[in-house]
Amino acid sequence: MIVAGIDIGSRAAKAVILKDKSILSSAICDTGPESVKTSYRVMEEALKGTGLSLDDIQYTVATGYGRVLVPYANQNISEISCHAKGVNWDFPSVRTILDMGGQDCKAINCDDGGLVTNFVMNDKCAGGTGRFLEMIAEVLNIPLEEIGDMSLESKSSIPFNTICAVFAKSEAIVHLRKGVTKSNILAGLHEAIAVRCLNLLKRISIEKDFSITGGIAKNKGMVEKLMEKAGLQPLLCEDPQLVGALGAALFAEECSTEVIKQAVKVQYGYSDGTGDYFITIVTELCNGCGECVKACPADIFVVDKDDDGQPKAKVKEEVRKKLAFLCPGFQSCSHKNQLNCHSVCQKDAIDHIW
Amino acid sequence: MMVDTTQKSNVKLHVLERFREVNSTFPKTSHLLDYKRSGNKVFGWLCTYSPEEIMHAAGILPIRIIGYSQEAELDDGNAYLYVNSCSFSRSCLQLGLGGGYDFLDGVVGGSTCDGARRLFDLWRNYIGTPFYHVLTVPRKYTEKAHALYYHEVAQFKQHLEEFLGSKIADEALYESIKLYNESRKLLRQLYDLRKLDDPPITGAETMEVSNASFRMPKEIFNRWLKDLLEEISASGNTHTGRSRLMLIGSVLTNPEFIKSIEDQGGLVVADELCTGTRYWGDPVVLDETKSPLEAISRRYLNNFPCARMFPSDERFNRIIDFIQDFRVEGVISQIIRYCVPYCHDLPLLTKRLKALGIPILALDVEYGTSGSGQIQTRVQAFLEMLEAKRK
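Residue numbers (the working numbering), protein chains in the order written: chain B, 1 to 354; chain H, 1001 to 1391.
These are calculated hints, taken from the structure and not from any lab test.
Remember, it's a predicted structure, so these values are computed and weren't measured experimentally.
Glycine included, every Cβ here is placed at the ideal spot set by N, Cα and C.
Take the hints with a grain of salt, since some may be wrong.
Claimed, not checked - Pairs of lysine-lysine residues, derived as PhoX-like cross-links and limited to a Cα-Cα distance of at most 20 angstroms, are as follows: (1) H/Lys1391 to H/Lys1351; (2) B/Lys202 to H/Lys1354; (3) B/Lys182 to B/Lys208; (4) H/Lys1226 to H/Lys1178; (5) B/Lys202 to H/Lys1351.
What the hints assert, rightly or not - From chain B, some residues computed to sit far from chain H (all C-beta separations above 10 angstroms): (6) Phe119; (7) Glu138; (8) Asn184; (9) Lys220; (10) Phe278; (11) Lys316.
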């Protein structure tokens, strides 16, 4: 199954394509003024070289600020839930996440399933976010990618009194005029942002393990400072900037399975005085491998062509009325440690309610 | 996922449109202007600790002074009130300075919080009305506090009598108490409908009614609300949502804010707002041992408390009762920036709710907000969190 997650952030747009629960490709590009166009552009980028087209993607979940503006998305989920989901995929042990994005910061607590248990967000102002670092890089005339490393070269960092992007900019200019080195200025700014983020983290609870996501997590100087302040070694995903899109893709995976299961299933069963009983085969998921035919001790399955000529598992015509007597039930098969239709089905297409 | 809480099968509530009309034309509604034209007096009150029954018994129509129901430009408000006073008081002042309340014959306030108090002072200085009174309101529920507040209420009555040149009779007080209690009873009936699994009325719709309750004569309000209750029960309307929510915090009068939550699928089933439950919460309880004035004074000090009251647990217990009665799954706190009483007891309340396993989303807002961008994201994440918790 091919699904996608797309994260239209305030500064960058990200896309992740999953094929059968592993990452097929990903892309990052700038968020332009038109979110709709950006959403197509980033997806095109991600599809490049995969031989796939947008139509091949079965389910798409959108997240980020532009999540409601993605025309081809099936659903939108907030970036808070997506970051927790995404981190959980790499590190199930993580309980505290700091998402440092382009224009806001979020502190998130989650459980072992990647579900959010608590979160806080910074206030309206974008001080101490990605945009702030961009502005400072501009003032100091250093490429954005280098400011983190440069801040680590500092010997004595300059304390900053403000985290307001506008005031900090003028303060930085004053320091530059006085001849303070760029690395010392950067160290001071990184320190100030780290303190602000720590305050955010303190409003939830800082529990092990800890992870940092979002574009700023690629900045080594910032990660270093946060590690120092929080007293925890953060676990970093391979590309922290993609975590939101990855989480969205994982939600897409879950949702599509759910949708497909609801949409196309064939039920075989019977009802007696105690209720209705069914064996359900989700035909969309079934690939006709025939493992269930081999596994069933009562030999009730057969692989046959469906209306489209595709091989699908079915219950044999002649036993359909005798299921109550023939099928021992999934429970009793499991008890005897026998193979059963559930355990051998690679696609998780068979359900049994007795 | 977007879930539409207003299902298509639901019919339009016509009586609700009447309430909407009042809210959209306030302060200069046809009721108030008619009332003035026929030679009667209209007073404005600034805080729920101002006893309305006394004004009503004196033949005055009391209405609540409220700011713009949207986030508005507060240039004059900001010029006269320091920006660290809440945007609610600045919004009220802005509307007052612009002549929105120029028909008022008097203003009654309470020394409940600095925002309300300073607003009263400035109102007195810059917006002329013939009558002013501010009541000192104790912060405790002790007998001494009750004695002090009774004294304040009695003094207010006396001041009013001097202003009008006539006495307020006990019989008139009894009549007013009856009328106001009737409103409270009807509002309670409306709220009780929201205890159902699929309530027939949304949070945003309920807010139209509670907003109108302090903006129009109670005689008409009670009649309309009875009509509305009948219309609702005949309508067969039902509303479903992803989660049952309770809204807490200071003043909120913009139904768009609740609608923005409900559009995302959260169903607001209860509130603890100064402009909602806390306004109509308790009835005046009459008994033979108390004079009507004492009964009024008791009611106003003992009413569903504001965060300014001490001990805070009194308010927390009531919130928790609501959570249980209305089967609330999550609480959204909306606090107007710089509202000191509410900000300060939020951590204590959060702790109490945490012990019960009720998640709380804390939002800092400006008065009048309709719940824009970032608030939407937080609400959506909160709803997703509640859904995940249920699984």
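Check: For this structure, which hints from the list above don't hold up?
Finding: 1, 3, 6
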